[in-house]
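Trainee: Listed here are the chains, written in short residue letters.
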Amino acid sequence: MSAHRSNRPLAWLLFGTGGFLVAFFFPIHIFLTGFAEPLGLVPTPSRASMLTLLEHPLTRIYLAILLIFAFWHAAYRLRDTICDALDVRRLDTVVVSLCYAGAMLGTIATMVLLVCVP
Amino acid sequence: MSDTIILEVARFHPERDAEPSYASFEVPLRGDWMVLDGLNYIKDQLDGSLAFRWSCRMGICGSCGMMVNGVPKLTCETLLTEFAPGPVRIGPLDHFPVIKDLVIEMDDFVGKLQKVRPWIVRKDDFQPQREFLQTPAQLDAFKQFSLCINCMLCYAACPVYGLDPSFTGPAALALAERYNLDSRDQGSAERTDVLSQHDGIWDCTVIGECSVVCPKHVDPSLAIQQYKITATADWFRTWLMPWGNK
Amino acid sequence: MPQYSAYQPKAYRPQMSPYWYFDRWPYLRFMVREASCIFVAYFAVVMLLQIRAIEHGTAAYAHFQAWMSCPVVMILNAIALVLIIFHAVTWFALVPRVFVRHLLGPVMPDLFAAVPNYGAWFVASLVVALFALRFI
Chain A
1 MSAHRSNRPL
11 AWLLFGTGGF
21 LVAFFFPIHI
31 FLTGFAEPLG
41 LVPTPSRASM
51 LTLLEHPLTR
61 IYLAILLIFA
71 FWHAAYRLRD
81 TICDALDVRR
91 LDTVVVSLCY
101 AGAMLGTIAT
111 MVLLVCVP
Chain B
1001 MSDTIILEVA
1011 RFHPERDAEP
1021 SYASFEVPLR
1031 GDWMVLDGLN
1041 YIKDQLDGSL
1051 AFRWSCRMGI
1061 CGSCGMMVNG
1071 VPKLTCETLL
1081 TEFAPGPVRI
1091 GPLDHFPVIK
1101 DLVIEMDDFV
1111 GKLQKVRPWI
1121 VRKDDFQPQR
1131 EFLQTPAQLD
1141 AFKQFSLCIN
1151 CMLCYAACPV
1161 YGLDPSFTGP
1171 AALALAERYN
1181 LDSRDQGSAE
1191 RTDVLSQHDG
1201 IWDCTVIGEC
1211 SVVCPKHVDP
1221 SLAIQQYKIT
1231 ATADWFRTWL
1241 MPWGNK
Chain C
2001 MPQYSAYQPK
2011 AYRPQMSPYW
2021 YFDRWPYLRF
2031 MVREASCIFV
2041 AYFAVVMLLQ
2051 IRAIEHGTAA
2061 YAHFQAWMSC
2071 PVVMILNAIA
2081 LVLIIFHAVT
2091 WFALVPRVFV
2101 RHLLGPVMPD
2111 LFAAVPNYGA
2121 WFVASLVVAL
2131 FALRFI
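Residue numbers (my numbering), protein chains in the order written: chain A, 1 to 118; chain B, 1001 to 1246; chain C, 2001 to 2136.
None of these hints come from the bench; they were simulated from the model.
If you're wondering where the values come from, they're calculated on a predicted model, not measured in any experiment.
Treat the hints with care, since some could be wrong.
Cβ-Cβ distance ranges computed for the label pairs, FRET-style [claimed, not checked]:
| hint | chain 1 | residue 1 | chain 2 | residue 2 | range |
| --- | --- | --- | --- | --- | --- |
| 1 | A | Asn7 | B | Asp1032 | 49 to 59 Å |
| 2 | B | Asp1032 | C | Tyr2019 | 36 to 46 Å |
| 3 | C | Val2032 | B | Glu1131 | 45 to 55 Å |
| 4 | A | Thr52 | C | Ala2124 | 14 to 24 Å |
| 5 | C | Leu2126 | B | Pro1085 | 47 to 57 Å |
| 6 | B | Glu1077 | C | Gln2065 | 58 to 68 Å |
Simulated coverage check for chain A against chain C, where a stretch passes if three residues somewhere in it have a Cβ under 8 Å from a Cβ of chain C [unchecked claim]:
| hint | region |
| --- | --- |
| 7 | 22-34 |
| 8 | 49-63 |
| 9 | 82-95 |
| 10 | 98-109 |
Backbone N, C-alpha and C define an ideal beta-carbon position, used for all residues, glycine too.
Next comes chain A alone, as it looks inside the complex:
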């Protein structure tokens, strides 16, 4: 019976988890990296201290979870948005492939960058 059912639940779970993580953690990252540091509102840490932070396994786990779920969240929402905004529901298979290929690329890039920290 399950073969007749949609496999959306898995994608939806990733979307939901990503939604919470993005909501809680992205705004502060954007504010710090995008505004507070470039505009000098806060002192920009040195590369050396950032590298020390990045080398810590917990930092890498946090970033991996945050970024990977962010990509899968964006892919799910983007698929629905493209189909509804551009009225291309008949091309759903193409849109799904593009969105989730993008999420896969993002996931791989994240894993590569966070596993091999020099």
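Use these hints to put chains B and C onto chain A, whose structure you have.
Mentor: Chains B and C only, in chain A's frame:
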């Protein structure tokens, strides 16, 4: 305030029109008149050929749903003075085929209501000697979703249904969830095959307008999102424990 | 559905406009909320670039900082910040109440499910800021 208001009413004559057009009628603007009273004034005094559905005129039968200035409303519950000085544009409910003037064809909606099996399903042969007892908490779990009057305003408000008429839609999905949450019902598995499809709950993108326009505060959007959690848990159970009883 | 003959009138089937989301303000608000996902992907890529810059040396890191200061990027980041905050606010209003309802039933007004998320959001932001600014 003027004592009349212009109503621009959609007219469609299926035997000669290719598409609807709007005709203007001037009706009295009385403080206690609803849009439906204005339409009945038109039919009684100005143009008897205007076709529209209405019945109870008190917001419980769900017959008089129409688009009023682009928003789906029950015309028996919408005051004319809300739109003064006018004009007020009245059209048939969006996303449904139009039979004549303000009358829409609702076969699709009725078919979807039937599709979700909106009745108590029992797996056993239990013949109760008295009514099923439910605690207030068990009733509260589904009561809100049982208040639907089948007025179809939610379908008119839902762009997903407009883009994809195969979408089961807010009212049908809320009704299915009403039975799934009912402690007397044992038919969740049967309904899951209908609900957990691409055109079941997963077509819903949480626009939320269905809940905004609902005159009975059923909140179908909440029912659909609640069912997404159930369907997801069910999906994982099916994949991780396929030997479980279905 | 009855089959219509040539002499029987046909119902009018309206077509939805492809620009339907410009028709009403709630639909436009919905589309803007959904479009935030583009900027989620954008900023996730920015964060990957930041990680890469930290890993590739001081010069790369300085180059990344300079890139963050350029006007086009600042405008994109501003849009991303506004849209992702909009996503967060709409998310807290819509999602927690579903889980509360599902697990506990209709025991509290929707607002009570939304408000604790703002507290969690503040704490999460504070913790991230303390680490990212190397105060810890």
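Trainee: At the C-beta level, are A/Thr52 and C/Ala2124 separated by a distance inside 14 to 24 Å?
Mentor: 22 Å, holds
Trainee: Examine the region 22-34 of chain A: at least three residues should have C-beta closer than 8 Å to a C-beta of chain C.
Mentor: Held - the region 22-34 of chain A has 13 residues with a Cβ nearer than 8 Å to chain C, which meets the minimum of three.
Trainee: Between the region 98-109 of chain A and chain C, are there enough contacts, at least three residues with CB-CB distance under 8 Å, for the coverage claim to hold?
Mentor: n = 3 at 8 Å, threshold three: holds.
Trainee: Taking the beta carbons of C/Leu2126 and B/Pro1085, is their distance inside 47 to 57 Å?
Mentor: Holds - the Cβ-Cβ distance for C/Leu2126 and B/Pro1085, about 53 Å, lies within 47 to 57 Å.
Trainee: If you count the residues of the region 49-63 of chain A with a beta-carbon closer than 8 Å to a beta-carbon of chain C, do you get 3 or more?
Mentor: Answer holds; 7 residues pass the 8 Å Cβ test.
Trainee: Taking the CB of B/Glu1077 and the CB of C/Gln2065, does the distance hold inside 58 to 68 Å?
Mentor: 59 Å, holds
Trainee: Within the region 82-95 of chain A, is the number of residues with a Cβ closer than 8 Å to a Cβ of chain C three or more?
Mentor: holds (count 4)
Trainee: Between B/Asp1032 and C/Tyr2019, is the Cβ distance one that fits in 36 to 46 Å?
Mentor: Cβ of B/Asp1032 to Cβ of C/Tyr2019: about 39 Å, so the range 36 to 46 Å holds.
Trainee: Given the hint of 45 to 55 Å, check if C/Val2032 and B/Glu1131 actually sit that far apart at their C-beta atoms.
Mentor: Once the Cβ atoms are compared, 50 Å apart, the range 45 to 55 Å for B/Glu1131 and C/Val2032 holds.
Trainee: Quick check: does the Cβ-Cβ distance between A/Asn7 and B/Asp1032 fall within 49 to 59 Å?
Mentor: 54 Å Cβ-Cβ, so the 49 to 59 Å window holds.
When the structure is compared with the earlier hints, no violation turns up for any of them.
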